[in-house]
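Student: One-letter residues, chain by chain:
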Amino acid sequence: MTPLPSPEEIKTLIEAGVPGATVTVIANGSPSAQHSLLLDHEHARAVAEFLRDHAELKLDFCSLVTGVDWPDTETTAKVKVKKLVAGPDGVEQEQEVEETRKTKVPGYLEAVYHLFSMGKKHGPVVLRLRTANRTDGTHLPSLTPVWRSAEFQEREAFDLYGIVFDGHPDLRRILMWDGFVDYPMRKDYVPPEDDILVTGVKA
Amino acid sequence: MDLEPIAGPGELLEVSMGPHHPSTHGVFRMDVRLDGERVVRLKPVFGYLHRNHEKIAEKGAYLAAIPYTDRLDYLCSMTNNWGYVLAVEKLAGIQVPERAEYIRVIVAELTRFQNHAGLVGFLLQDMGASGTPLMYAFREREKVLDLFESLSGARMMCNYMRFGGVRVDCSAEWLDEVRQLVGVLPRFLDEFENLLRANEILMARTQGTGVLPRELAINAGVTGPMLRASGVNYDIRKVDKYGIYDRFKFGVPLGEHGDVYDRYMMRILEMRESVKILEQALRDIPAGPVIDPKVRLRGLRPKVGEAYGRIESPKGELGFFLISDGSGNPYRYRVRPPCMINLTILEDMCLGENIADTVIILGSVDIVLGEVDR
Numbered sequence: 100m101t102p103l104p105s106p107e108e109i110k111t112l113i114e115a116g117v118p119g120a121t122v123t124v125i126a127n128g129s130p131s132a133q134h135s136l137l138l139d140h141e142h143a144r145a146v147a148e149f150l151r152d153h154a155e156l157k158l159d160f161c162s163l164v165t166g167v168d169w170p171d172t173e174t175t176a177k178v179k180v181k182k183l184v185a186g187p188d189g190v191e192q193e194q195e196v197e198e199t200r201k202t203k204v205p206g207y208l209e210a211v212y213h214l215f216s217m218g219k220k221h222g223p224v225v226l227r228l229r230t231a232n233r234t235d236g237t238h239l240p241s242l243t244p245v246w247r248s249a250e251f252q253e254r255e256a257f258d259l260y261g262i263v264f265d266g267h268p269d270l271r272r273i274l275m276w277d278g279f280v281d282y283p284m285r286k287d288y289v290p291p292e293d294d295i296l297v298t299g300v301k302a
Numbered sequence: 018m019d020l021e022p023i024a025g026p027g028e029l030l031e032v033s034m035g036p037h038h039p040s041t042h043g044v045f046r047m048d049v050r051l052d053g054e055r056v057v058r059l060k061p062v063f064g065y066l067h068r069n070h071e072k073i074a075e076k077g078a079y080l081a082a083i084p085y086t087d088r089l090d091y092l093c094s095m096t097n098n099w100g101y102v103l104a105v106e107k108l109a110g111i112q113v114p115e116r117a118e119y120i121r122v123i124v125a126e127l128t129r130f131q132n133h134a135g136l137v138g139f140l141l142q143d144m145g146a147s148g149t150p151l152m153y154a155f156r157e158r159e160k161v162l163d164l165f166e167s168l169s170g171a172r173m174m175c176n177y178m179r180f181g182g183v184r185v186d187c188s189a190e191w192l193d194e195v196r197q198l199v200g201v202l203p204r205f206l207d208e209f210e211n212l213l214r215a216n217e218i219l220m221a222r223t224q225g226t227g228v229l230p231r232e233l234a235i236n237a238g239v240t241g242p243m244l245r246a247s248g249v250n251y252d253i254r255k256v257d258k259y260g261i262y263d264r265f266k267f268g269v270p271l272g273e274h275g276d277v278y279d280r281y282m283m284r285i286l287e288m289r290e291s292v293k294i295l296e297q298a299l300r301d302i303p304a305g306p307v308i309d310p311k312v313r314l315r316g317l318r319p320k321v322g323e324a325y326g327r328i329e330s331p332k333g334e335l336g337f338f339l340i341s342d343g344s345g346n347p348y349r350y351r352v353r354p355p356c357m358i359n360l361t362i363l364e365d366m367c368l369g370e371n372i373a374d375t376v377i378i379l380g381s382v383d384i385v386l387g388e389v390d391r
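Protein sequence lines correspond, in order, to chains U and X. The numbering of the first sequence is my numbering, which starts it at 100 and goes up by one. The numbering of the second sequence is my numbering, which starts it at 18 and goes up by one.
Wrong hints could be hidden among the right ones.
[Claimed, not checked] DSSO-like mimics (lysine-lysine), calculated; alpha carbons at most 27 angstroms apart, straight line:
(1) K293(X) <-> K286(U)
(2) K220(U) <-> K293(X)
(3) K110(U) <-> K220(U)
(4) K255(X) <-> K220(U)
(5) K219(U) <-> K258(X)
(6) K320(X) <-> K258(X)
(7) K72(X) <-> K203(U)
(8) K182(U) <-> K203(U)
(9) K110(U) <-> K182(U)
(10) K110(U) <-> K293(X)
(11) K76(X) <-> K220(U)
(12) K219(U) <-> K255(X)
(13) K293(X) <-> K157(U)
(14) K255(X) <-> K157(U)
(15) K320(X) <-> K72(X)
(16) K320(X) <-> K219(U)
(17) K286(U) <-> K320(X)
(18) K76(X) <-> K203(U)
(19) K320(X) <-> K203(U)
[To be verified] Not everything, but these chain U residues come out facing chain X in the computed CB check (under 8 angstroms):
(20) T111
(21) T165
(22) S248
(23) P283
[Unchecked claim] Quick list of simulated restraints, FRET-style, between CB atoms:
(24) T123(U) <-> M174(X): 41 to 51 angstroms
(25) D287(U) <-> M174(X): 28 to 38 angstroms
(26) L314(X) <-> R271(U): 57 to 67 angstroms
(27) A132(U) <-> A304(X): 47 to 57 angstroms
(28) T123(U) <-> V201(X): 29 to 39 angstroms
If you're looking for bench data, these hints aren't it; they were derived computationally from the structure. The C-beta atom is built at its ideal place from N, Cα and C for all residues, glycine as well.
Between the sequences and the hints, there should be enough to build the whole structure, so can you do that?
Tutor: In structure tokens:
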């Protein structure tokens, strides 16, 4: 078993090997300490090929592709604002007032790739790709042309999460049937009311 | 009598094999396009058993997912349990007592044995060896299931392992029963092998059929006996040394040609290696607790983070990827299903083969639809 370079070292290797690629190390607080690398869409394919073919890393085995849903969140923060407030004598004065402000943080869908090396017998190296949002910007570059093992798993992420993998050779639903419309693994999925199990009538 | 030809010369015929077909080992369909008897296209269609296993697990506590994992690959509930609890142990940093590690190895290798015996029986059944080999295999498998029943209370849905150990300790009598069984297994394997080794029909049907080249196997993420039949030395018991596998002496059988025959032999040889591991584990098993009493089984709340844990299940690399948001149930629970990923290259193996051979090629992949569809 060859020791695997740290995520920071891999980031340096990628940035030297694939010019222009942006890599962010995402720390993992669990005892497993499996940190991950967030890639940009434009260079993801080139980075994947680089990692697969690099003589020292040789990550020839993409074990797992996972879709993850991170819904929109709201953060509430108390902010001090200067405002004109009518004083007891009726004259408006500038005062500091506390206000709660809600900011909407847009969510995204994520594809997580766990890579190992069969030749060097090391791993995992974890890659992440994130979509722009959860509604109209759900495209990600497909890594199936680099690792065939992603073929069915990316189809599954498309089927259950609605991530559209550009460049996938055969992107169809895989577990749900073709006429199905929603994405059942999303956190806000609501099962249909007219479910045959509830009503006994086929929709 | 004049029969209208279904397909004229040069025309292709589309056949839907399954979903209810004895050769598909469950509800599984292959859309096959044929030129005469030769396969020119094959698309696997599955999902008939889909019940969104991953969503069910995300809705419940960490403990609640264990009985559901039994139902993934329903022939190998013990190894499914192990894959999941290993991932939780990595996520939460839980240690496992020595005795529990030994019991895990014993039940996992028994599982591997009964899975491979069953697979070989089914594969020979697919080739037309009706009944006999399968019944030989099932006779032996029944003995293993009896042991599982007396240990866990269930033959197939064992629900036996827990993060931090196993649910109940095994008795000295149970260990003696296992020793007795392991003592007679080599004889069964000899008998089983002699039944079909050098059988001309078996050779003719399997050698050179459904070849999976080494590079494609690696690139397509094929794991388990299928990968090793293509000559890649990759066994997670050796690579990760999870549990206590570094303490045992055992070999990793490798194939040369990656055809159906090699995949068949891989199972036979792996059963012998399992017997070796079982003998050593049964010799060395220490006394002691089987679960750390400080582990919170109910109400486990791992820190925010994620972990991927994997084991060498009889079918291949079985992994679980868990993301914790600090609450009592996993934010994301993902199974790496070896059966489904090994199906990725089914078409590649079948192209150019006869339609009758797709049955044995599929049989040599070793799929269980409970895991493919989840």
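Student: Would you mind confirming whether the straight-line C-alpha gap from K182(U) to K203(U) stays at or under 27 angstroms?
Tutor: Given pair K182(U), K203(U) holds - Cα atoms ~24 angstroms apart, limit 27 angstroms.
Student: Would you say the C-beta atoms of T123(U) and M174(X) sit inside 41 to 51 angstroms of each other?
Tutor: With Cβ atoms ~43 angstroms apart, the hint holds.
Student: Per the CB criterion, is P283(U) less than 8 angstroms away from chain X?
Tutor: Where the cut-off is 8 angstroms and the nearest Cβ of chain X is about 6 angstroms from P283(U), the hint holds.
Student: Holds or violated: is the Cβ of S248(U) closer than 8 angstroms to a Cβ in chain X?
Tutor: Cβ of S248(U) sits 3 angstroms from chain X, so the hint holds.
Student: For the pair supplied as a hint, K320(X) and K219(U), confirm whether the alpha-carbon distance does not exceed 27 angstroms.
Tutor: Not satisfied, since the Cα-Cα distance of roughly 31 angstroms exceeds 27 angstroms.
Student: Within a Cα-Cα threshold of 27 angstroms, do K219(U) and K255(X) meet the stated pairing?
Tutor: holds (13 angstroms)
Student: With a cut-off of 27 angstroms on the C-alpha distance, tell me whether K286(U) and K320(X) pass.
Tutor: holds (21 angstroms)
Student: Within 27 angstroms, alpha carbon to alpha carbon, are K110(U) and K293(X)?
Tutor: Violated - the C-alpha atoms of K293(X) and K110(U) are around 43 angstroms apart, more than 27 angstroms.
Student: Would the hint linking K219(U) and K258(X) be met if the CA-CA limit is 27 angstroms?
Tutor: Satisfied, since the Cα-Cα distance of roughly 15 angstroms is no more than 27 angstroms.
Student: Does the beta carbon distance between D287(U) and M174(X) stay inside 28 to 38 angstroms, or does it fall outside?
Tutor: Hint holds: Cβ distance 32 angstroms, inside 28 to 38 angstroms.
Student: Mind checking the alpha carbons of K72(X) and K203(U) for me, to see if they're no more than 27 angstroms apart?
Tutor: Holds, at roughly 26 angstroms.
Student: If you draw a straight line from the CA of K220(U) to the CA of K293(X), is it 27 angstroms or shorter?
Tutor: It holds: about 24 angstroms lies between the C-alpha atoms, which stays within 27 angstroms.
Checked against the numbered hints given earlier, the structure breaks hints 1, 9, 10, 11, 13, 16, 20, 26, 27 and 28 and satisfies all the rest.
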